[in-house]
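**Q** Below are the chains, spelled out letter by letter.
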Amino acid sequence: MITRQSKVLQALAAAGIAGLALSACTAGGGDTGATDATTETATEESTDAAAGDVPSWCGPEEITFGLLDGFGGNSWRLVTTAGGEEEAKKCPSVTEYLYADGQGDTQKAISDIQSMVATGVDAMVVFPDAGEAMLPALRSAYEAGVVTVPYRVDPGGEDGVDYDVWIGADFVQSGKDWAEWTLENFPDGAKILFLSGPAGNSQGIDEAAGAKELLSDAKYEFIGEQPFEVTNWDPALTQQVLTAAIAKYPEIDIIFSDFGPSLVGALPEFTKSGRAIPALATSDGNLLGCFWQEQQDAGNGFDMMSVATGNDNVRLAVQTAIALATGGVVPEKGEGFVHPKFEDSISGSPSPVQCRDDLPGDIYLSAQLDADSQASLLK
Amino acid sequence: MTETAAKTSRASLFATHKGVSTVALAILAVVVLGALFAPSSVSPGAILGMLPFAAVLAIIGLGQMLVVQQGGIDLSVPGAMSLAIVIISHYPTGDNSLVLPALGIAFLWAVGAGVLNALLIGYIGLNPIIATLGTNALLFGAIIGISGGTPRATAEILRTIAGDRTLGIPHTVFFALIALLVVSLLLKKTVAGRRFEAAGASRPAAFVVGLNVKAFNGMSYVWAQMLYLLGGVLLAGVTSQPTAYMGNSYLLPSVAVVVLGGTSLLGGRGFPLATVLAALFLRQLDQFVLALGVPFAVRTLVQAAAFVIGVAIYTIDWGEVRRRFQSVNRSPSGRKHS
Numbered sequence: 001m002i003t004r005q006s007k008v009l010q011a012l013a014a015a016g017i018a019g020l021a022l023s024a025c026t027a028g029g030g031d032t033g034a035t036d037a038t039t040e041t042a043t044e045e046s047t048d049a050a051a052g053d054v055p056s057w058c059g060p061e062e063i064t065f066g067l068l069d070g071f072g073g074n075s076w077r078l079v080t081t082a083g084g085e086e087e088a089k090k091c092p093s094v095t096e097y098l099y100a101d102g103q104g105d106t107q108k109a110i111s112d113i114q115s116m117v118a119t120g121v122d123a124m125v126v127f128p129d130a131g132e133a134m135l136p137a138l139r140s141a142y143e144a145g146v147v148t149v150p151y152r153v154d155p156g157g158e159d160g161v162d163y164d165v166w167i168g169a170d171f172v173q174s175g176k177d178w179a180e181w182t183l184e185n186f187p188d189g190a191k192i193l194f195l196s197g198p199a200g201n202s203q204g205i206d207e208a209a210g211a212k213e214l215l216s217d218a219k220y221e222f223i224g225e226q227p228f229e230v231t232n233w234d235p236a237l238t239q240q241v242l243t244a245a246i247a248k249y250p251e252i253d254i255i256f257s258d259f260g261p262s263l264v265g266a267l268p269e270f271t272k273s274g275r276a277i278p279a280l281a282t283s284d285g286n287l288l289g290c291f292w293q294e295q296q297d298a299g300n301g302f303d304m305m306s307v308a309t310g311n312d313n314v315r316l317a318v319q320t321a322i323a324l325a326t327g328g329v330v331p332e333k334g335e336g337f338v339h340p341k342f343e344d345s346i347s348g349s350p351s352p353v354q355c356r357d358d359l360p361g362d363i364y365l366s367a368q369l370d371a372d373s374q375a376s377l378l379k
Numbered sequence: 001m002t003e004t005a006a007k008t009s010r011a012s013l014f015a016t017h018k019g020v021s022t023v024a025l026a027i028l029a030v031v032v033l034g035a036l037f038a039p040s041s042v043s044p045g046a047i048l049g050m051l052p053f054a055a056v057l058a059i060i061g062l063g064q065m066l067v068v069q070q071g072g073i074d075l076s077v078p079g080a081m082s083l084a085i086v087i088i089s090h091y092p093t094g095d096n097s098l099v100l101p102a103l104g105i106a107f108l109w110a111v112g113a114g115v116l117n118a119l120l121i122g123y124i125g126l127n128p129i130i131a132t133l134g135t136n137a138l139l140f141g142a143i144i145g146i147s148g149g150t151p152r153a154t155a156e157i158l159r160t161i162a163g164d165r166t167l168g169i170p171h172t173v174f175f176a177l178i179a180l181l182v183v184s185l186l187l188k189k190t191v192a193g194r195r196f197e198a199a200g201a202s203r204p205a206a207f208v209v210g211l212n213v214k215a216f217n218g219m220s221y222v223w224a225q226m227l228y229l230l231g232g233v234l235l236a237g238v239t240s241q242p243t244a245y246m247g248n249s250y251l252l253p254s255v256a257v258v259v260l261g262g263t264s265l266l267g268g269r270g271f272p273l274a275t276v277l278a279a280l281f282l283r284q285l286d287q288f289v290l291a292l293g294v295p296f297a298v299r300t301l302v303q304a305a306a307f308v309i310g311v312a313i314y315t316i317d318w319g320e321v322r323r324r325f326q327s328v329n330r331s332p333s334g335r336k337h338s
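The listed protein sequences correspond, in order, to chains W and Z.
Per this note's numbering, the very first residue in the first sequence carries number 1; after that it's consecutive.
Per this note's numbering, the very first residue in the second sequence carries number 1; after that it's consecutive.
Calculated from the structure, these hints are not laboratory results.
Keep in mind the model is a prediction, meaning the values are calculated, not measured.
It is possible that part of the hints are untrue.
On the chain Z side, residues computed to face chain W include the following (Cβ under 7 Å) [claimed, not checked]:
#1 S40
#2 S43
#3 A46
#4 G49
#5 G94
#6 S97
#7 A153
#8 T239
#9 L290
#10 A291
#11 F296
For each residue, glycine too, the CB sits at the ideal point set by N, CA and C.
Excised from the complex, chain W in its bound form (with noise of 0.2 Å):
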């Protein structure tokens, strides 16, 4: 009696088992695809592209793509991957395209990697968000003569020994800019607080070193933790970082944070401690824009200048890629990708705050990637 009420549960058991994973999957069916690798043939694109003009790193050579994502959960890598997309479906070379995405596990970043080096593909961008712990197998994809270009995060070894070249990006530059912006509009000094991701991360490092050399002169004083206040990127950190902040400094006049989009929870907190939101000198983000232009409208108006966030760093790694397995022309890689400066409230130049409130916040409208295109991305 007993084992058979045991087994009339477990067959219930089991049936909500394979419910819920399947009900998962139905769910996914329709989306992002961000399940394991994508793939799509890119012949109609391809024909697109052909009847207009091929960009010069495009090659003659027929070839297979990969874009691989160490981690794809925010709308950031979204909008980055389908730019991804765009630029390598800009070549007709390219004959097909795979995407695959690692969802913040190392394991299953570098099985990734292998299982594209085993279904043959010829040129890999890699986003290799692990950073060292994906050199072994970023190098035997190299070794094994697929063109390799990890981009963005620095995996460390050497261009040409363990990858073909890494695309990296100028954070440097993002702080100097800032710095720059600081210069121009607090000729008299003032308090800066620097937020940004997990401890220790090399773009937080970056920009803390590119801001500090330009804002050298003692009147520009640098509060908090250093080189940058931890937030992990993670909204709800950031939130209680600030709020300890407001309650510590009585004078906060700038904040610098590279991530800027995150700090909208957060900087509501200064006006409910009674305070004016301090300025603001980050990267972009449309939910930022329209925040920026809600409190304008509430009286609660802060300046702000934001340097593009950088979607379009994948473009330059995905043409270097396909050139070099294609034989087009290889294109420039300086100190690598450089976040143009975006927006200036206080300037209007390159251009004033932006905001398309008509579409969802997590679009970058300093994206190549067109507004519209991003929105419907999220759908």
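Chain Z: place on chain W using the hints.
**A** Quick look at chain Z alone, frame taken from chain W:
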């Protein structure tokens, strides 16, 4: 027999007292230390900024407490919270009118996850660590499936409901108080609640008196999911731009507040008020360490230390330690060694 019973009741009475008073003392300590060494940590702004996060942790902690009371443990907290966050921000994508339907969907998922845990642990008798870890993985599968791991900015209305203040008090605090009230009343003042505690205290005894132990055990996971859902939705509202994996940082604290509140990991009586106070303590400790301006590494160490000390307070029999220490000192063998 009666003597033992009297002893037990005295012991549990003492435990209630110990839980609330210990945590209250800890809060007092961190406030006093704060006032002395990092005055900004006790300023109104810092406290008001800390409260929403304490409230969310309190709600999650209450859920974990219900499970721990049944001698279980729920490791599906990260998946459950993250899924609630993803659903409540993904479906509406900023559209206020879709928040309520999204809440409905999230509710169904929470019930599903809870029932799954209940079946696996309550009825089939799987180890809760294994079963809830499995459920957690399934929930993360659902998160990736629904959203590609990408949540959206929260809808305006949710930001208002969760993030604003009324009479100067953050709304999340009201939600936490309501959760505390409901959990306390159901647990302490209803027959079902008393039976629930009895089933957790001793399964064989509860079985002998005819209680449906499996049902109580299983249901704790369902109730817990309801609280995780509430916590997740509130957290999405508090942080306008949530990430898809925000529940991850709540697993350890959720167990920590239960333990700090004095609920035994072996099951039995639960202490809702002490659990909520423990959440307040942990978050104020965060504020204190942040305000001290120590490096991130030290901050992490202090939080870990608080957990260890908290566990030690309840699990080590300090009277026994003292007695042994004294006997070592007094006994001739002690002298021989020295």
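**Q** Give a verdict on every hint.
**A** Verification of the supplied hints:
1. S40: Result: holds, 4 Å to nearest chain W Cβ.
2. S43: At 4 Å from the nearest chain W Cβ, Z/S43 passes the 7 Å test, so the hint holds.
3. A46: Hint on Z/A46: holds, closest Cβ of chain W at ~4 Å, below 7 Å.
4. G49: Where the cut-off is 7 Å and the nearest Cβ of chain W is about 3 Å from Z/G49, the hint holds.
5. G94: Since the shortest Cβ distance to chain W is 5 Å, the answer is holds.
6. S97: violated, 15 Å
7. A153: Status holds, d = 3 Å.
8. T239: Z/T239 check passes; min Cβ-Cβ to chain W is 4 Å, inside 7 Å.
9. L290: It holds, given that the least Cβ distance between Z/L290 and chain W is near 4 Å, below 7 Å.
10. A291: OK, holds: Z/A291 within 7 Å of chain W, min 5 Å.
11. F296: holds, 4 Å
Checked against the numbered hints above, the structure breaks only hint 6 and satisfies the rest.
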